[in-house]
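Novice: Residue numbers (our numbering), protein chains in the order written: chain C, 585 to 758; chain L, 585 to 758.
Be careful, since some hints might not be right.
[Claimed, not checked] Using 27 Å as the maximum straight-line C-alpha spacing, the simulated DSS-like pairs for lysine-lysine come out as follows: (1) C:Lys657 - L:Lys663; (2) L:Lys713 - L:Lys729; (3) L:Lys663 - L:Lys729; (4) C:Lys663 - C:Lys747; (5) C:Lys729 - L:Lys657; (6) C:Lys729 - C:Lys701; (7) C:Lys657 - L:Lys713; (8) L:Lys747 - L:Lys663; (9) C:Lys657 - C:Lys713; (10) L:Lys713 - L:Lys657; (11) L:Lys747 - L:Lys713; (12) L:Lys701 - C:Lys663; (13) C:Lys729 - C:Lys663; (14) C:Lys657 - L:Lys747; (15) L:Lys701 - L:Lys663; (16) C:Lys701 - L:Lys713; (17) C:Lys701 - L:Lys657.
[As the list claims (entries may be wrong)] Chain C stretches covered by chain L per the calculated footprint, using a threshold of three residues with CB under 8 Å from any CB of chain L: (18) 619–632; (19) 694–704; (20) 728–737.
[Claimed, not checked] Reference excerpt, derived from the structure (chain L facing chain C, CB under 7 Å, subset only): (21) Leu626; (22) Glu640; (23) Thr642; (24) Leu646; (25) Trp677; (26) Asn702; (27) Met735; (28) Val746.
Derived from the structure by calculation, the hints contain no laboratory data.
Quantities reported herein were computed from a predicted structural model and do not represent experimental measurements.
A virtual CB, placed ideally from N, CA and C, is assigned to each residue, including glycine.
There are 2 protein chains.
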Amino acid sequence: MRRIVLVSAAVVILSGVVTFTTSAAGDVDGEAVPVSGVNIPLGYRDWPLISVAHEEGTLSDLRAILGNDVAIKAAREGKRPFPDGTIIARIAWSYDPLEESSQAFGHPQSFVAGPPKNGVQFMVKDSIKYASTGGWGFAQFDEGKPADEAMQRTCFPCHSAVKARDFVFNRYAP
Amino acid sequence: MRRIVLVSAAVVILSGVVTFTTSAAGDVDGEAVPVSGVNIPLGYRDWPLISVAHEEGTLSDLRAILGNDVAIKAAREGKRPFPDGTIIARIAWSYDPLEESSQAFGHPQSFVAGPPKNGVQFMVKDSIKYASTGGWGFAQFDEGKPADEAMQRTCFPCHSAVKARDFVFNRYAP
Chain C
585 MRRIVLVSAA VVILSGVVTF TTSAAGDVDG EAVPVSGVNI PLGYRDWPLI SVAHEEGTLS
645 DLRAILGNDV AIKAAREGKR PFPDGTIIAR IAWSYDPLEE SSQAFGHPQS FVAGPPKNGV
705 QFMVKDSIKY ASTGGWGFAQ FDEGKPADEA MQRTCFPCHS AVKARDFVFN RYAP
Chain L
585 MRRIVLVSAA VVILSGVVTF TTSAAGDVDG EAVPVSGVNI PLGYRDWPLI SVAHEEGTLS
645 DLRAILGNDV AIKAAREGKR PFPDGTIIAR IAWSYDPLEE SSQAFGHPQS FVAGPPKNGV
705 QFMVKDSIKY ASTGGWGFAQ FDEGKPADEA MQRTCFPCHS AVKARDFVFN RYAP
C-alpha cells in the first residue's frame, strides 16, 4: 500500500512540474517576444518542411518554412484557416554562390545557404488569444533573442496582404 | 507457462514479418532504380531539412535537401565521411515569382516553390555495396518512377567534384 502511495505522489509531482514548464504551444525555450508573448518552440529546427523560397532586395536570402504536426497536416491538405495549435517557423540564410558547382557545370549555377540571416520567425495560431491579429501571434528572434516591439508590430500589416489565405504566404510544396 | 509461450511465438512471427518487408535501408516504396538498386524510402518527405538551394540555368529550380536520422546527425556535426545508413534526399520545384509578395513590397521580391520539377534524387551510403562509386548508391526518380540507366550513371561523375567532402555538395544550414 505504501509503495502505491509513493508512486502516485511521484506522478502528481512530475505532472505538476511538466505543466509548470510548458506553455499551451508546447515546450519552449528562452524569452518571449513583446506583443504576442510567443517563445521559441523547442525542436523547431527538425520540423518537416512546408516550402522554400528566395528573397531578393534588401533581404537577399534563401529561406525554409517548417511546420509542427498540426501545421504540416493542414498545409498538406490545403486547409484554411489553419487550426489552433498550428506553429509555422521561417528560417533563413545568406544567398551564396556554390564554387564547386560552378566548376562542375562550367558556369555560375548553384546558390546555397550561407550563414543564418534575417532572424527566425514564428506564427502561432490561437484564434481567441490573437483575435486582433487574424488569429496569429507573430514573433521574430534575432540570434535567439526577441526582436524589439517595433519590429514585432510590422508582421501583421505585411501578412494582411494574404488575409484571404489566412495570412500565410506559403503553400505546401509536395 | 502457456501464455508465455504464446506471447513468445507471436513476437517471433511478428519479427519475421517485419524483417521480410523492410530492406537494409529501411521501409521502401515502389520500383528500384537500375545501377544502384535504390528504392524510394518511405516517409522521406517528412525528414528534417539539411539545406536549401536555387539552381539556375537549365535546371531553374528551388530545392531542398532532407536527411534521415543518420544523415541529420552527421550533417549537423559536420562529420565526413557520412556513416553507412545515411540517406540524403533532394526534392525540387519550379522557381516562381510570388505575386502577393511583389504587391506587399512594391517590387519583384519573392521566388517560391511552384510545381515539382527535376525529379527526386537520393544518395544512400553503403561503403561496401557501393565501393565503386565512392560508397554511395545514387538514384533519380521522375514522377515516382526510376529514371533510365543513362541518367543514373551521370550522378557519380558530377558528384566527384566534391570527392574531398565525401561526394556531398550540401552543408548543414543551422
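Novice: Now tell me if each hint is right for this structure.
Specialist: Verification of the hints:
no. : hint                : verdict
1   : C:Lys657 - L:Lys663 : 33 Å, violated
2   : L:Lys713 - L:Lys729 : 23 Å, holds
3   : L:Lys663 - L:Lys729 : 32 Å, violated
4   : C:Lys663 - C:Lys747 : 14 Å, holds
5   : C:Lys729 - L:Lys657 : 26 Å, holds
6   : C:Lys729 - C:Lys701 : 14 Å, holds
7   : C:Lys657 - L:Lys713 : 37 Å, violated
8   : L:Lys747 - L:Lys663 : 14 Å, holds
9   : C:Lys657 - C:Lys713 : 22 Å, holds
10  : L:Lys713 - L:Lys657 : 22 Å, holds
11  : L:Lys747 - L:Lys713 : 18 Å, holds
12  : L:Lys701 - C:Lys663 : 24 Å, holds
13  : C:Lys729 - C:Lys663 : 32 Å, violated
14  : C:Lys657 - L:Lys747 : 38 Å, violated
15  : L:Lys701 - L:Lys663 : 30 Å, violated
16  : C:Lys701 - L:Lys713 : 40 Å, violated
17  : C:Lys701 - L:Lys657 : 23 Å, holds
18  : 619–632             : holds (count 4)
19  : 694–704             : holds (count 5)
20  : 728–737             : violated (count 0)
21  : Leu626              : 14 Å, violated
22  : Glu640              : 6 Å, holds
23  : Thr642              : 9 Å, violated
24  : Leu646              : 5 Å, holds
25  : Trp677              : 5 Å, holds
26  : Asn702              : 13 Å, violated
27  : Met735              : 16 Å, violated
28  : Val746              : 5 Å, holds
Going through the hint list in order, the structure does not satisfy hints 1, 3, 7, 13, 14, 15, 16, 20, 21, 23, 26 and 27.
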